[in-house]
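Keeping the supplied structure of chain A fixed, place chain B upon it in accordance with the hints.
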Amino acid sequence: MEIIKNNKSYDVVIVGSGAGGGMATKILTDNGLKVALMEAGPFFDPANPEQRLHLKWPYESPRRGRGTTRAFGDFHASYGDWNLDGEPYKMVNDTKFYWWRSRMLGGRTNHWGRISLRFGPNDFKRKSIDGLGDDWPIEYKDIKPYYDKVDKLIGVTGSKENIYNEPDGFFLPPVKPRLHELYYKKGAEKAGIKVIPSRLSMLTKRINNDRGVCYYCGQCGRSCGIYADFSASSCLVFPAQRSSKGKLDVYVNSMVREIRVNKKGIPTGIIYINKDDKKEYNISAKIIILAASACESARILLNSKSTYHPNGLGNSSNMVGKYLHDSTGADRMGFIPDLMNRKTYNEDGLGGMHLYSPWWLDNKKLDFPRGYHIEIGGGLGVPMYGFGFNFNTLNKYLGLEIGGYGDNIRKDVKKFYGSTLYLAGRGESIAKVDNYCEIDPNTKDKYGIPVLRFNYKWSDYERNQAKHMNETFEEIIHNIGGHMLGDAPGQDKDYGLKAPGEIIHEVGTTRMGNNPKKSVVNKFEQLHDAKNVFIVDGGPFISQADKNPTWTIMALSWRTSEYIVKELKKQNI
Amino acid sequence: MNRRNSIKTLLVTSLASGLILEGCLPKEKEIIYEKIWKYQYGRTPEEKKRDLELLNKTFFNKNELSKIKILANLILPPSPIGNIEKAEILKFIEFIVKDVPSYQTTLRDGLIWLDDYSKNTFVKKFIECNKGEQTRVLDLIAYPNKNKTKEEMFFSTLRNLVVTGYFTSEVGIKDLGYKGNQPNVWDGVPEEILKEHDLSYDKSWMSKFIDQSKRNEIAVWDNKGNLIS
Numbered sequence: 001m002e003i004i005k006n007n008k009s010y011d012v013v014i015v016g017s018g019a020g021g022g023m024a025t026k027i028l029t030d031n032g033l034k035v036a037l038m039e040a041g042p043f044f045d046p047a048n049p050e051q052r053l054h055l056k057w058p059y060e061s062p063r064r065g066r067g068t069t070r071a072f073g074d075f076h077a078s079y080g081d082w083n084l085d086g087e088p089y090k091m092v093n094d095t096k097f098y099w100w101r102s103r104m105l106g107g108r109t110n111h112w113g114r115i116s117l118r119f120g121p122n123d124f125k126r127k128s129i130d131g132l133g134d135d136w137p138i139e140y141k142d143i144k145p146y147y148d149k150v151d152k153l154i155g156v157t158g159s160k161e162n163i164y165n166e167p168d169g170f171f172l173p174p175v176k177p178r179l180h181e182l183y184y185k186k187g188a189e190k191a192g193i194k195v196i197p198s199r200l201s202m203l204t205k206r207i208n209n210d211r212g213v214c215y216y217c218g219q220c221g222r223s224c225g226i227y228a229d230f231s232a233s234s235c236l237v238f239p240a241q242r243s244s245k246g247k248l249d250v251y252v253n254s255m256v257r258e259i260r261v262n263k264k265g266i267p268t269g270i271i272y273i274n275k276d277d278k279k280e281y282n283i284s285a286k287i288i289i290l291a292a293s294a295c296e297s298a299r300i301l302l303n304s305k306s307t308y309h310p311n312g313l314g315n316s317s318n319m320v321g322k323y324l325h326d327s328t329g330a331d332r333m334g335f336i337p338d339l340m341n342r343k344t345y346n347e348d349g350l351g352g353m354h355l356y357s358p359w360w361l362d363n364k365k366l367d368f369p370r371g372y373h374i375e376i377g378g379g380l381g382v383p384m385y386g387f388g389f390n391f392n393t394l395n396k397y398l399g400l401e402i403g404g405y406g407d408n409i410r411k412d413v414k415k416f417y418g419s420t421l422y423l424a425g426r427g428e429s430i431a432k433v434d435n436y437c438e439i440d441p442n443t444k445d446k447y448g449i450p451v452l453r454f455n456y457k458w459s460d461y462e463r464n465q466a467k468h469m470n471e472t473f474e475e476i477i478h479n480i481g482g483h484m485l486g487d488a489p490g491q492d493k494d495y496g497l498k499a500p501g502e503i504i505h506e507v508g509t510t511r512m513g514n515n516p517k518k519s520v521v522n523k524f525e526q527l528h529d530a531k532n533v534f535i536v537d538g539g540p541f542i543s544q545a546d547k548n549p550t551w552t553i554m555a556l557s558w559r560t561s562e563y564i565v566k567e568l569k570k571q572n573i
Numbered sequence: 001m002n003r004r005n006s007i008k009t010l011l012v013t014s015l016a017s018g019l020i021l022e023g024c025l026p027k028e029k030e031i032i033y034e035k036i037w038k039y040q041y042g043r044t045p046e047e048k049k050r051d052l053e054l055l056n057k058t059f060f061n062k063n064e065l066s067k068i069k070i071l072a073n074l075i076l077p078p079s080p081i082g083n084i085e086k087a088e089i090l091k092f093i094e095f096i097v098k099d100v101p102s103y104q105t106t107l108r109d110g111l112i113w114l115d116d117y118s119k120n121t122f123v124k125k126f127i128e129c130n131k132g133e134q135t136r137v138l139d140l141i142a143y144p145n146k147n148k149t150k151e152e153m154f155f156s157t158l159r160n161l162v163v164t165g166y167f168t169s170e171v172g173i174k175d176l177g178y179k180g181n182q183p184n185v186w187d188g189v190p191e192e193i194l195k196e197h198d199l200s201y202d203k204s205w206m207s208k209f210i211d212q213s214k215r216n217e218i219a220v221w222d223n224k225g226n227l228i229s
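Protein chains in written order, with the numbering used here: chain A, 1 to 573; chain B, 1 to 229.
So that you can see chain A by itself, here it is in the shape it has in the complex (with noise of 0.2 Å):
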């Protein structure tokens, strides 16, 4: 096929414009790089009111907010979810991985949790406190000035807590608990389970005069139309846009396929397909910024090969796409009667939890390597489908007559409301090398690149710290007079782990190191095998910790803009 070339050059192109390429983009065009942002879906805004989800009401979707085409609900700010039409991918054997993708400008930042925690210090090393995985490249004090730059820049709530592995940031001041975090506390805490206020990136109080404040409208996941939550692109993409004076040009509905090498084999930009006429560009850059998700970042390595690069770029070492892992989870729910015939009041809140608890235990003492964190979910929210389903099956609990039909529906739909309780755990898993993704050869995708077939298995680390999730829901919903729903999945289940992919936190297929053998990028994320060629996506991290990654996403993607200006001025790249 013809490849058009766009007659345009940049000092930077990057690709993708979610947490690590919004980040980049942010901090390059603000010192002066004239950059491309490739976004592989539409232009989005959560403020334009053709695009608004935020404030509807579920009886304005006509199928009452039901997750057919979303995942996660009608209303919900993902376009696409762990499937895409067209765009198919692949598990080998017995594998289930599940891929989520979300095209559009901020990426996947539109719809997540906001739960935004640091890495602690030994976070960076587990290698060297219990002898499985590897250790960063880097250090907690590496990255501590980036981490507060980024709660500066973008908010994030919180409470001292001086907690060794939790530390304490630049924090918005949290809120109040609601009714059924205080009964979780209470429940926890009589578990020895240490419970404080959430850490989410969502502004209780105002940071700058661009961005609202929260109102407590409990929908973040809609992403906010007055900006008063965090997403990379009304966070960093439109300032970029409005600061950079024209050097930003944001390229959506494209596609890259490919970073594109000379006869040297050194890489001279990127090839993508404009989605709305189907044919090939071509644009050059001095320097190239993968940032498309941990795996799709390691597909178009993959896909980019060269006489020089015959494995793909950057793949020497044969490292892309190996050491690919998720989060753990394992979620139950609970029924608290003390919660029942509730007097309803508005509750929504911030769009997520208002505690939680962080790893409270040594692993020396466990029969598992590494923590997790404890999140809840309950109260007073607004009913969407599903809701009133099996209307009465709590009346078991209560020796009553579970069925039937009349008035009694709607007396017994109001006791329940809000009397439930959500628990799931969110772990860390270890890394492994023979857990990976791949170009499978028999499969393209609509565009006619290669897809990404995947090869993973949980081990016992993960089954077992599952098994403990189990037996400490149990213990926090007994504590507080309450009774599990459904039965505790047991070993045939894998204790309720969740498949890989399902927590949505997949990281590592590039990893970081210093030795090139072993290791993608170096540890500012800059290729071995090229030096104007980054990484600033979940690809580069070593262990995903039993915290969310973005906050760590985006505090490498600064460190590494500011490591590209310093040596652009060096003249080393």
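No lab work stands behind these hints, which were simulated from the structure alone.
Every residue gets a Cβ at the ideal spot worked out from N, C-alpha and C, and that includes glycine.
Among the clues, some could well be false.
[Said to hold, decoys possible] Taking CB as the label site, the calculated pair distances span:
#1 B:P101 <-> A:E161: 34 to 40 Å
#2 A:K566 <-> B:P101: 57 to 63 Å
#3 B:K195 <-> A:G86: 55 to 61 Å
#4 A:K493 <-> B:N61: 40 to 46 Å
#5 A:K263 <-> B:S102: 53 to 59 Å
[Unchecked claim] Here are the simulated DSS-like pairs of lysine-lysine, each with C-alpha atoms no more than 30 Å apart in a straight line:
#6 A:K194 <-> B:K208
#7 A:K279 <-> B:K48
#8 B:K214 <-> A:K144
#9 B:K146 <-> A:K415
#10 B:K208 <-> B:K174
#11 B:K86 <-> A:K56
Positioned in the frame of chain A, the structure of chain B alone reads:
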């Protein structure tokens, strides 16, 4: 075909062929879209196309819809706040069976069974039965045990859709007492409710929480991360 339907057909056909109302002026397109589809909320073009295709299909016939209407009213009788009609239950159910086709057989077969049973027992169709006769039929299928019969499965499914449709409607949300989905300032659980539950906010925690009177002041920290504004 009336004008409304012909516009629908025109729109759906042109969408399917990739020509989105090419002949219309932009403003005209907007008006047509607004008129036939009241649901406007951040859809992608692919989602809009799918919704319009569903809208242009009909699943239940009139006879089936009248039966569903009777059943829905038996499941959730009117209250001073809301009823099946105001909650637009029939419109919702007609849409959701096209959105989720796996519902179709269960519901259609169940509706046929209702008539078969009524004819055998009362020598008339379900719709012609009086309320007492109708509830006698429901009593057979509304209290299932663990292993549901086909008919119990039908009734559970329909009941789920009626209940969820009602409580996600404008009147149902009022009936439930949900108070949110509007700008406000959260400052904790009302005092009297905390008391009822014998709970309170930890005194040692109070200094951590936001002082809502200062929410609009721009955040400033000292160099140790203490908020000073």
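Hint check results:
1. B:P101 <-> A:E161: 34 to 40 Å: 51 Å, violated
2. A:K566 <-> B:P101: 57 to 63 Å: With a Cβ separation near 58 Å, A:K566 and B:P101 satisfy 57 to 63 Å, so the hint holds.
3. B:K195 <-> A:G86: 55 to 61 Å: 57 Å, holds
4. A:K493 <-> B:N61: 40 to 46 Å: For A:K493 and B:N61 the Cβ distance comes to about 43 Å; the hint holds.
5. A:K263 <-> B:S102: 53 to 59 Å: 57 Å, holds
6. A:K194 <-> B:K208: Cα-Cα ~16 Å, so holds.
7. A:K279 <-> B:K48: 25 Å, holds
8. B:K214 <-> A:K144: Since the Cα atoms of B:K214 and A:K144 sit roughly 28 Å apart, the hinted pair holds (cutoff 30 Å).
9. B:K146 <-> A:K415: 23 Å, holds
10. B:K208 <-> B:K174: This hinted pair is violated, its Cα atoms lying about 34 Å apart.
11. B:K86 <-> A:K56: 19 Å, holds
When each numbered hint is compared with the structure, violations occur for hints 1, 10.
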